[in-house]
Amino acid sequence: MLLIGYWYLFPSPWSERWLSGKTFWYSLYWKGEKVGHVQQSYQSLENNIFQVSRLTRVKILNRGQPFQLTEKEVFQFDMAHSGDLYSAFYHHQQDDFLEQLNLSKEQQGFEGTKLVNNQKSSIRLDANGYGLSEFLKLMQWVEGQPEPGERLNVQRLDLRENAMNSVQYQLVEQNSDDKHFKIKFQQQGRDWHGTVAVSPDGVPKRYLVGQMVEQRLTSRREALSENSSSDYYLAQVISIDQPLGDTSNIQSLVLATANHIAPADFVIDKRQFLDSNGYLHINSTLPMKTHLREPIAAESQVGQLADLALSIVAGSQNTEQKVTKLRSFVADYLQDSPVIRPMTINDILTQRKGDCTEHTELFIALARAIGIKAREVHGLVYLGDDIQGFGGHVWSEVLMGEQWVGVDPTWDISRLSATHIQLKEGLVPGMFNHVNGNKDNDGFSLKAINYH
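Residue numbering for the sequence shown is 1 to 452, as defined by this note's numbering.
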């Protein structure tokens, strides 16, 4: 789930003098529903220190329960020394989880402490040479009137990961109607991408991350207005006209899809296909033991993750047993909880909570660490008769012999019923947007169902 954590990708106007004393307010939207706000401030302090801070607050309803998140990042730059980074602070509070980080410049680089709940550790970071000029590099580039297609690489300090990351920007177009630059971005080595609209004076007006998250420049009053009362979980449902019963016994389904769901959205393979009427046929996956041939082992990763994975699968006789133990470990280890910002594997292991994305990412990382080939799958899953609908879901596949076999670490199952529907990556949010915009459209109609 991608909602915050992207602000450092979008530097603000290039002149600190123009920025000093200014505060910008943004409203945060998730699939069109307001879920929070962002306050971004710039201030000149004593001793030639220029400070950039950003406070993000999110408050939503998830499965009837309130969920709140607060995140604050502060960068201080020493203008007496070419605007070099002087210190940095990070605070993240989500329910009962607290994470804080303090960094300050020392002779050998940046040193500080990281606090995760009650556990404190020392940290170091090689951020020498990073300063306000790099922080504002994008806006300086925009000021130079780049041509469509031109690219820019920018180094960004990610306090959450305590690392320097590279982000590539590309100018898509200059809109002559409202005079803004449309720029797309992609962070190197990560699936973080989107677009930002920037005014000629350098103020980011609108961020769009993936297909779900939007951040709009608004007034303070609008940013602080009430968030949507919609349930975050139920807002992601595509309904079906009949209940399906016990999903573990469903062998196959035949579904008619609404007009807004195109046949090209579905992955077509041996497990699911479209007939001449355009109906979607989905079959359950075969039991894992049907494909019990050991895959060619990739070189195991070394380090803490591999050690953890090896301890989990100790005593296993084959790949099936290893996969089962890893799957069950992840299901037991992580508390099911909504996630508002991207999480690293270290975040997931530390916080011990996440939704289907975090369950799947941890399972895949552990599997790959001991040579089991695994990959991520995006799609829909039936959420039960009480909701009577399908929700966006992520699960995994592992290579058994010459065939990829589904594994769902969130639900702790390795034999997936026909209620797991695979989609082409990136299409799920668009489906939800269409359904949410048309409440009278059931999305799916059941044409046939077969049980084991």
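Worth double-checking, as some hints may not be accurate.
Stated by the list, open to error - Quick list of in silico lysine to aspartate or glutamate cross-link-like pairs, EDC-like style, CA-CA up to 20 Å:
1. K373 / D336
2. K22 / E46
3. K120 / E134
4. K353 / D332
5. K270 / E226
6. K182 / D158
7. K105 / E161
8. K424 / D385
9. K59 / E16
FYI, nobody ran anything at the bench for these hints, they're computed from the structure.
Treat the numbers as computed from the prediction; the structure is a model and nothing was measured.
Structure-inconsistent hints, enumerated in ascending order: 1, 3, 5, 6, 8 and 9
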